[in-house]
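**Q** Residue numbers (the UniProt record's numbering): 1 to 119.
Certain hints may be false.
As the list claims (entries may be wrong) - Restraint ranges, calculated between C-beta atoms of paired labels, are given here:
1) D26 with I69: 30 to 36 Å
2) E28 with R81: 24 to 30 Å
3) L90 with T46: 14 to 20 Å
4) V113 with E62: 18 to 24 Å
5) D31 with T74: 28 to 34 Å
Please keep in mind that the hints were generated in silico from the structure rather than gathered at the bench. Where a beta carbon is used, it is the ideal one built from N, C-alpha and C, also for glycine.
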Amino acid sequence: MHTAAAFGRTDRHELADLGPLPRLGDVEIGDILVRRYLDPLHRTDTPELYLDTLQHYLDSIESTARRLIVHPNTIRYRIDRYHALTGVDLRKPAVALELWWALQRHRLQRRAVFDLPPD
Numbered sequence: 001m002h003t004a005a006a007f008g009r010t011d012r013h014e015l016a017d018l019g020p021l022p023r024l025g026d027v028e029i030g031d032i033l034v035r036r037y038l039d040p041l042h043r044t045d046t047p048e049l050y051l052d053t054l055q056h057y058l059d060s061i062e063s064t065a066r067r068l069i070v071h072p073n074t075i076r077y078r079i080d081r082y083h084a085l086t087g088v089d090l091r092k093p094a095v096a097l098e099l100w101w102a103l104q105r106h107r108l109q110r111r112a113v114f115d116l117p118p119d
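All chains, please: the whole structure from these sequences, using the hints.
**A** Below you can see the structure in the form of structure tokens.
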């Protein structure tokens with residue numbers, strides 16, 4: 001399982017234990033989601049800042065603020081700005097899942113380009 005290994009899952013596992021990870025290797029769907037949810041960030045001066053914020057935001061605002069060493073209101077501002085850039089409402093679970101998928105696809109692409117080890 002190339003995708004599982006890319007996410008550091010080198011242990012023995014059943015396909016069902018991987019959740020959505022095996023589907024992340026679907027290049028066509030992943031690229032569509034990256035274009036929809038992440039490409040608009042390149043219209044900002046700091047796309048990596050938003051990518052990092054979004055990746056952590058899917059956990060919680062408070063833990064994201066602690067990890068990024070910023071105030072929770074800064075996270076809320078960035079999420080509001082992301083909404084203004086994309087029209088994406090992250091309060092909708094299906095949308096949050098698609099964003100998560102796009103972020104994971106982005107990570108896989110970066111690893112392939114930069115030959116990075118799994119997290």
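**Q** I want to verify a distance hint. Is the separation of the beta carbons of D31 and T74 within 28 to 34 Å?
**A** Since the Cβ atoms of D31 and T74 sit about 30 Å apart, the hinted range of 28 to 34 Å holds.
**Q** Does the Cβ-Cβ separation between L90 and T46 fall within 14 to 20 Å?
**A** For T46 against L90, whose Cβ atoms are near 18 Å apart, the range 14 to 20 Å holds.
**Q** Does the Cβ distance between V113 and E62 fall inside 18 to 24 Å?
**A** Since V113 and E62 have Cβ atoms about 33 Å apart, the given range 18 to 24 Å is violated.
**Q** Does the Cβ-Cβ separation between E28 and R81 fall within 24 to 30 Å?
**A** 29 Å, holds
**Q** Could you say whether the range 30 to 36 Å given as a hint is met by the Cβ separation of D26 and I69?
**A** 35 Å, holds
When the structure is compared with the earlier hints, a violation turns up for hint 4 alone.
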